[in-house]
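Chemist: As a plain string of letters, each chain reads:
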Amino acid sequence: MKHIVILGAGTAGTMMANHLHHQLKHPDWEITIIDEREEHHYQPGYLFLPFDIYAPEDIIKTIEEFIPKDVKLVKNKINRILPADNKIELTGGDEIAYDKLIIATGAKIAPEETEGMKGAEWQKSVFDFYTFEGSLALRNKLRDWEGGKLVVHITEMPIKCPVAPLEFAFLADSFFKHKHMRDKVEITYVTPLSGAFTKPKATEALEHLLHEKGINIEPDFAIEKVDNERKEIVDYGGKVIPFDLLVTVPTNKGDELMERSGMGDDLNYVPTNKATLQSKDYTNIFVLGDASNIPASKAGSVAHFEAEILTDNILRFVHGEPLKEEFDGHANCFIETGNGKALLIDFNYTHEPVEGSFPFPGIGPLRLLKESRMNHMGKLAFRWIYWNVLLKGTHIPFVSATMSEKGKHYA
Amino acid sequence: MEKIIAGKNITVNEEGYLTDFSQWDEQVGEALAAEANIPLSARHWEILKYLQNEQKNQVALSIRRIGKSGVTDIKEFYQLFPNAPLKTATKIAGIPKPASCI
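In order, the protein sequences belong to chains U and C. Reminder that position 143 of the first sequence reads as 143 in this note's numbering, one-by-one numbering, no gaps. Reminder that position 41 of the second sequence reads as 41 in this note's numbering, one-by-one numbering, no gaps.
Take these hints with a grain of salt, some might be off.
[Claimed, not checked] Mimicking DSS-like on lysine-lysine, the simulated pairs with C-alpha atoms at most 25 Å apart in a straight line are: (1) K87/C to K75/C; (2) K3/C to K253/U; (3) K253/U to K87/C; (4) K239/U to K97/C; (5) K87/C to K201/U; (6) K97/C to K199/U; (7) K8/C to K231/U; (8) K68/C to K118/U; (9) K3/C to K199/U; (10) K3/C to K56/C; (11) K75/C to K253/U.
[Claimed, not checked] Cβ-Cβ distance ranges computed for the label pairs, FRET-style: (12) N13/C to K225/U: 32 to 38 Å; (13) R43/C to N388/U: 56 to 62 Å; (14) R43/C to L380/U: 52 to 58 Å; (15) R230/U to P82/C: 22 to 28 Å; (16) P242/U to E15/C: 30 to 36 Å; (17) P82/C to E133/U: 52 to 58 Å; (18) L380/U to E2/C: 46 to 52 Å; (19) V59/C to G93/U: 36 to 42 Å; (20) S194/U to N57/C: 22 to 28 Å; (21) K75/C to K392/U: 30 to 36 Å; (22) K77/U to E35/C: 51 to 57 Å; (23) G16/C to K149/U: 57 to 63 Å; (24) P82/C to D183/U: 32 to 38 Å.
No lab work stands behind these hints: they were computed from the structure. Just so we're clear, the structure is a prediction, and the values are computed from it rather than from any experiment. Note that beta-carbon positions come from the ideal geometry of N, C-alpha and C, so glycine has one too.
Given the sequences, and given the hints that come with them, work out the whole structure.
Modeler: What follows is the structure, given as structure tokens:
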């Protein structure tokens, strides 16, 4: 019997377990998934928690209920991957041998990378919303915050869900308007990028929205430190931005397991072939989702598209066939813009987000790069889709793993 | 599009970055630096050469990596190429603007 091991039971690992158990069955194959945690969090919900749009129970379920019965779930911390020996070493010393390995250990925040970020003001006036604890603490802060300078900040790229901080700024605008205190809050969006986003057409649309909502933007800001006493963020060029409430996205890094195993780059991401998702160093290791260093968005939609392609590639690999270089970096993201509206963007490695209709060319019903209520309904419906369709590895009808250029207005 | 830099016809993109590194030479670098109001010292050149070399080896450039390169630290990098150092320095070096992954 051959053994496939999946590291991490988050979005990517869980989807992969669900895909593979249909394809690789007993007695020829055994599938094991390893994760030390008990809970599976709907991470996009962290954006809504601070504004009391979602409650904790909306975004937390157990890991167990999404893992198929014929896949073995091992709840243990992983100490090291021993790629030369095809083994996983668990904390405590037990070893698990594998024939094929899928790394899906994700990315997480590392506020300790920035001087002063996790200082005296952490979770007092300096918050993250990329963890459940951070998001919940921020909710409690916002419930009775009386206003002042709100700074929404990105430390450095890449980050998970690169549109989330923008959405946070938009939702904050909407939140304070509804609380009739928008005039007491000055919102500034601070980014290391030279504009609101990395791709020109989307940047233009998003900067227009920032302007419309009275949100200031400070581009090209490379943070050196958080000054806890003066309540300022300072950049390497000497620029200083004062805050009363700082909502920051700290540096994101891959799992420390990669450092312990000597398999990551300087941010602990695993070097991966961007078209096949095979590890660059070991042919029987594949990397899915945020754990890899491929130049695609670190987003659930990307992991979803990757999982469909990786399943095919693993089957090819198992049968000794050449891998298909098929993954195109496809990402599909809703961007909440506040007041019950949202944008939708659909893009890949080579095609930036543009206007158009989705998923049916010329029809929609969703509009690309334009605010609409329908897009917002799509974003809210997505939570149901996530729990009931996406994690189970079911194909989403009419949405292909590789991007379609139809119905899009490329210049 | 074409642009005349240091008396030569050079192909650049809409942001002014060279699209063909073979068209770059030190005079082109000097001219691009002058456009950015940066007089180039020996230290500038060390960093520009380092960036070109990293690009040649297909290493993704980032402020963080430059800070840990041993060639310069982030403070000095900002002093030498003020405001947006990586964007400015890559333009002068004739290599593509670093893509921030999304």
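Chemist: If a hint holds in the structure, say so; if it does not, say that too.
Modeler: Going down the list of hints, with the structure as the test:
{"no.": "1", "hint": "K87/C to K75/C", "verdict": "holds, 15 Å"}
{"no.": "2", "hint": "K3/C to K253/U", "verdict": "violated, 40 Å"}
{"no.": "3", "hint": "K253/U to K87/C", "verdict": "holds, 23 Å"}
{"no.": "4", "hint": "K239/U to K97/C", "verdict": "holds, 23 Å"}
{"no.": "5", "hint": "K87/C to K201/U", "verdict": "holds, 19 Å"}
{"no.": "6", "hint": "K97/C to K199/U", "verdict": "holds, 13 Å"}
{"no.": "7", "hint": "K8/C to K231/U", "verdict": "violated, 50 Å"}
{"no.": "8", "hint": "K68/C to K118/U", "verdict": "holds, 22 Å"}
{"no.": "9", "hint": "K3/C to K199/U", "verdict": "holds, 24 Å"}
{"no.": "10", "hint": "K3/C to K56/C", "verdict": "holds, 24 Å"}
{"no.": "11", "hint": "K75/C to K253/U", "verdict": "holds, 23 Å"}
{"no.": "12", "hint": "N13/C to K225/U: 32 to 38 Å", "verdict": "holds, 34 Å"}
{"no.": "13", "hint": "R43/C to N388/U: 56 to 62 Å", "verdict": "holds, 58 Å"}
{"no.": "14", "hint": "R43/C to L380/U: 52 to 58 Å", "verdict": "holds, 54 Å"}
{"no.": "15", "hint": "R230/U to P82/C: 22 to 28 Å", "verdict": "holds, 23 Å"}
{"no.": "16", "hint": "P242/U to E15/C: 30 to 36 Å", "verdict": "holds, 31 Å"}
{"no.": "17", "hint": "P82/C to E133/U: 52 to 58 Å", "verdict": "violated, 38 Å"}
{"no.": "18", "hint": "L380/U to E2/C: 46 to 52 Å", "verdict": "holds, 50 Å"}
{"no.": "19", "hint": "V59/C to G93/U: 36 to 42 Å", "verdict": "holds, 37 Å"}
{"no.": "20", "hint": "S194/U to N57/C: 22 to 28 Å", "verdict": "holds, 25 Å"}
{"no.": "21", "hint": "K75/C to K392/U: 30 to 36 Å", "verdict": "violated, 50 Å"}
{"no.": "22", "hint": "K77/U to E35/C: 51 to 57 Å", "verdict": "holds, 54 Å"}
{"no.": "23", "hint": "G16/C to K149/U: 57 to 63 Å", "verdict": "violated, 35 Å"}
{"no.": "24", "hint": "P82/C to D183/U: 32 to 38 Å", "verdict": "holds, 36 Å"}
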